[in-house]
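Chemist: Heads up: the sequence lines are chains F and L, in that order.
Numbering-wise, the first sequence is residues 1 to 238 according to this note's numbering.
Numbering-wise, the second sequence is residues 1 to 238 according to this note's numbering.
Since the hints were made in silico from the structure, they are not lab data.
For glycine and all other residues, C-beta sits at the position ideal for the given N, C-alpha and C.
Treat the hints with care, since some could be wrong.
[Said to hold, decoys possible] Some chain F residues near chain L, calculated using beta-carbon distances under 7 Å:
1. Ala73
2. Leu82
3. Val86
[To be verified] From the derived model, a few chain F residues whose C-beta atoms are all more than 12 Å from chain L:
4. Ser9
5. Tyr10
6. Met20
7. Gly26
8. Leu46
9. Asn122
10. Glu125
11. Val143
12. Pro159
13. Ala162
Protein chains: 2
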Amino acid sequence: MPTEHIVRSYDEELRRLRDMAARMGGLAERQVADATRALVRRDTSLAAEVVQRDVQIDQLEREIEAFCVRLLALRQPMAADLRVIVAAMKLSNDLERIGDYAANAAKRAIVLASLPSIGSLNGFERMAHLVQENLKAAMDAFVNNDAEAAERVWAADEPVDAIYNGIFRELLTFMMEDPRNITAATHMLFIAKNLERIGDHTTNIAERIHYAVRGDSLPEDRPKADESAYAVVRPAGG
Amino acid sequence: MPTEHIVRSYDEELRRLRDMAARMGGLAERQVADATRALVRRDTSLAAEVVQRDVQIDQLEREIEAFCVRLLALRQPMAADLRVIVAAMKLSNDLERIGDYAANAAKRAIVLASLPSIGSLNGFERMAHLVQENLKAAMDAFVNNDAEAAERVWAADEPVDAIYNGIFRELLTFMMEDPRNITAATHMLFIAKNLERIGDHTTNIAERIHYAVRGDSLPEDRPKADESAYAVVRPAGG
Numbered sequence: 001m002p003t004e005h006i007v008r009s010y011d012e013e014l015r016r017l018r019d020m021a022a023r024m025g026g027l028a029e030r031q032v033a034d035a036t037r038a039l040v041r042r043d044t045s046l047a048a049e050v051v052q053r054d055v056q057i058d059q060l061e062r063e064i065e066a067f068c069v070r071l072l073a074l075r076q077p078m079a080a081d082l083r084v085i086v087a088a089m090k091l092s093n094d095l096e097r098i099g100d101y102a103a104n105a106a107k108r109a110i111v112l113a114s115l116p117s118i119g120s121l122n123g124f125e126r127m128a129h130l131v132q133e134n135l136k137a138a139m140d141a142f143v144n145n146d147a148e149a150a151e152r153v154w155a156a157d158e159p160v161d162a163i164y165n166g167i168f169r170e171l172l173t174f175m176m177e178d179p180r181n182i183t184a185a186t187h188m189l190f191i192a193k194n195l196e197r198i199g200d201h202t203t204n205i206a207e208r209i210h211y212a213v214r215g216d217s218l219p220e221d222r223p224k225a226d227e228s229a230y231a232v233v234r235p236a237g238g
Numbered sequence: 001m002p003t004e005h006i007v008r009s010y011d012e013e014l015r016r017l018r019d020m021a022a023r024m025g026g027l028a029e030r031q032v033a034d035a036t037r038a039l040v041r042r043d044t045s046l047a048a049e050v051v052q053r054d055v056q057i058d059q060l061e062r063e064i065e066a067f068c069v070r071l072l073a074l075r076q077p078m079a080a081d082l083r084v085i086v087a088a089m090k091l092s093n094d095l096e097r098i099g100d101y102a103a104n105a106a107k108r109a110i111v112l113a114s115l116p117s118i119g120s121l122n123g124f125e126r127m128a129h130l131v132q133e134n135l136k137a138a139m140d141a142f143v144n145n146d147a148e149a150a151e152r153v154w155a156a157d158e159p160v161d162a163i164y165n166g167i168f169r170e171l172l173t174f175m176m177e178d179p180r181n182i183t184a185a186t187h188m189l190f191i192a193k194n195l196e197r198i199g200d201h202t203t204n205i206a207e208r209i210h211y212a213v214r215g216d217s218l219p220e221d222r223p224k225a226d227e228s229a230y231a232v233v234r235p236a237g238g
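Next comes chain F alone, as it looks inside the complex (with noise of 0.2 Å):
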C-alpha cells in the first residue's frame, strides 16, 4: 500500500524503522537462546525449529533492506536520519549472521544429541546468556537513540571471549584423553566459536548505532581477550 506510506510522516516512518530493526534483533536473541537451550536440553525438535525459522531472519533482513532504500529515495534523507537509515541497513546484516550462526549452533546440536555427551555445558549457556543480554541491550540502545548505551554494549564483550578461551582448551583436553570424544568436541568447538562471533557481530551492532546517533566512530580496538585461543595446547602424554 504505497499510499499509506506517502500519507505517513517522516518521523513515523523512522520509527517504523527502529522497530522493524528491534523485531529483527528480538527474533535473533531468540534464535541465539532457544538454540542454546536445544544444546543444553538435547532436544532436537527445538534445534529443528531454530533452523526453519533462520528464514524468518532472512525475510526481515530483505525488508529492511527495501524500507531503507524507499525511505532513501523518497525522502532524501539528511545528517542523522541519513545515518539512522545506513546504521539499520547495515546492523541488519549483522543480524542476519547472527541468526546464521545460531541456526548453524543448532544444526550441530541435533548432531550431538546423538552423540554420548562430554563435560559441562556450563560455559555455553553462561557465553549465550552474555551475548544476548548485550544485544538485548544494543538493540534498545537503537531504538532509544542512546549512544552511550551503545558504548557500554561495545565494551562489555571481553567476558564472552574470556569464557570462549575455557571452553577452547577444555575441549581440546577431551579431545586428547579420549579419541571417541573427537567428533562430539569438535561439533562444540564450533558452536563455542559461533557464540563467539555472535558476540562480535553484536560488538560491530553497538558500534554502527553509536555511530548513527553520534556521528563519528568508536576507538578501532576494543578490549578484546581472545588471543590465548592461538596458544598451544599439548596432551598429557605429548
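With chain F held as given, fit chain L onto it using these hints.
Modeler: Using the frame of chain F, we list chain L on its own:
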C-alpha cells in the same frame, strides 16, 4: 577537498566508488592468497604481514561508507544509482569480514608453524584458489555492472563446500589416530571453516551485485554441498 567533489560529475563519482570497491576486493583477495601461502610454506613473517595489513581493509570499509553517505546526501540518487551505492556499502561489509577471516587464518598459520605438520595442505590451496577466483570474478562483475557474471559466481560456491567437507573428515581422522595431532588439526579445521565462510561472503557479494544491476533478488537457496560436515565421524576404535 570537498570542492573537488562538487565539481566532479556524478558519473565520475560512481566510477570512483566502483574503483574503491575493486581496490578493497583486490586487497581482500591478496589477504586470502597470502594467508594460504603463509600456511603452506610455514612462513610466519608473511602471516604476520597479513595480520598487520588487516587494518588497511578496515580503513577502506570506512572510506567506502563515508563516500556512500556523502553521495546519498549530496546527490540524492534514485533507482539504479541508489542500488549501486547500497550494494557498495553492503559488499564492503562482506569484504571486511573476508579480511577478518584471512587475518584469523594467518594468526593460526603462525601457531601451526610451531607444531609438527600433519596431512597435506593441497585441499587448503585448492579451496583458497577457488574462493579467490570467485572473489575476483565477483568484483569484476561489480566494476562492469554485469549481472550474469555475478549470477555465475553465486552458483559457483559448491566445489568450495565439497573440499571443505573432505578436509573436515580428514582432519577428524588425524585427530583420532594420534592425540598429538589434535591442536594442529583444530587450528586447521578453523582455517578451513574460515575459507568456507570466505566463499559464503563471496556468494553474498555476488547477490548484492546482481541486485544492484537488476533490482531483483536471486532465489533464496543456492546450490550447496556443506551438509555432510554435520555427519558423525567415529574413531576406528569407537
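Chemist: Work down the list of hints and note, for each, if the structure agrees.
Modeler: Verification of the hints:
At its closest, the beta carbon of F:Ala73 sits 6 Å from a beta carbon of chain L; the interface hint therefore holds under the 7 Å criterion. Checking F:Leu82 against chain L: minimum C-beta separation of about 6 Å stays under 7 Å; hint holds. With its C-beta approaching chain L no nearer than about 6 Å, F:Val86 sits inside the 7 Å limit, and its interface hint holds. The claim that F:Ser9 is not at the interface with chain L holds, since no C-beta of that chain comes within 12 Å of its own (minimum 20 Å).
For F:Tyr10, the non-interface assignment is confirmed: its Cβ lies about 15 Å from the closest Cβ of chain L, beyond the 12 Å cut-off. Under the 12 Å C-beta cut-off, the non-interface status given to F:Met20 relative to chain L holds; the minimum distance is some 16 Å. Taking the minimum C-beta to C-beta distance to chain L, about 22 Å, the non-interface status of F:Gly26 holds against the 12 Å cut. The beta carbon of F:Leu46 sits about 17 Å from the closest Cβ of chain L, which is more than 12 Å, so the claim that it is off the interface holds.
A cut-off of 12 Å between C-beta atoms confirms that F:Asn122 is not in contact with chain L; the least separation is 21 Å. With a cut of 12 Å on Cβ distances, F:Glu125 stays outside the contact zone with chain L, its closest approach being about 22 Å. Listed as outside the interface, F:Val143 is consistent with that label: its C-beta sits roughly 22 Å from the nearest C-beta of chain L, beyond the 12 Å cut-off. Under the 12 Å C-beta cut-off, the non-interface status given to F:Pro159 relative to chain L holds; the minimum distance is some 21 Å.
The non-interface label for F:Ala162 is consistent with chain L: the shortest C-beta to C-beta separation is roughly 18 Å, beyond 12 Å.
Hint compliance for this structure: every hint is met.
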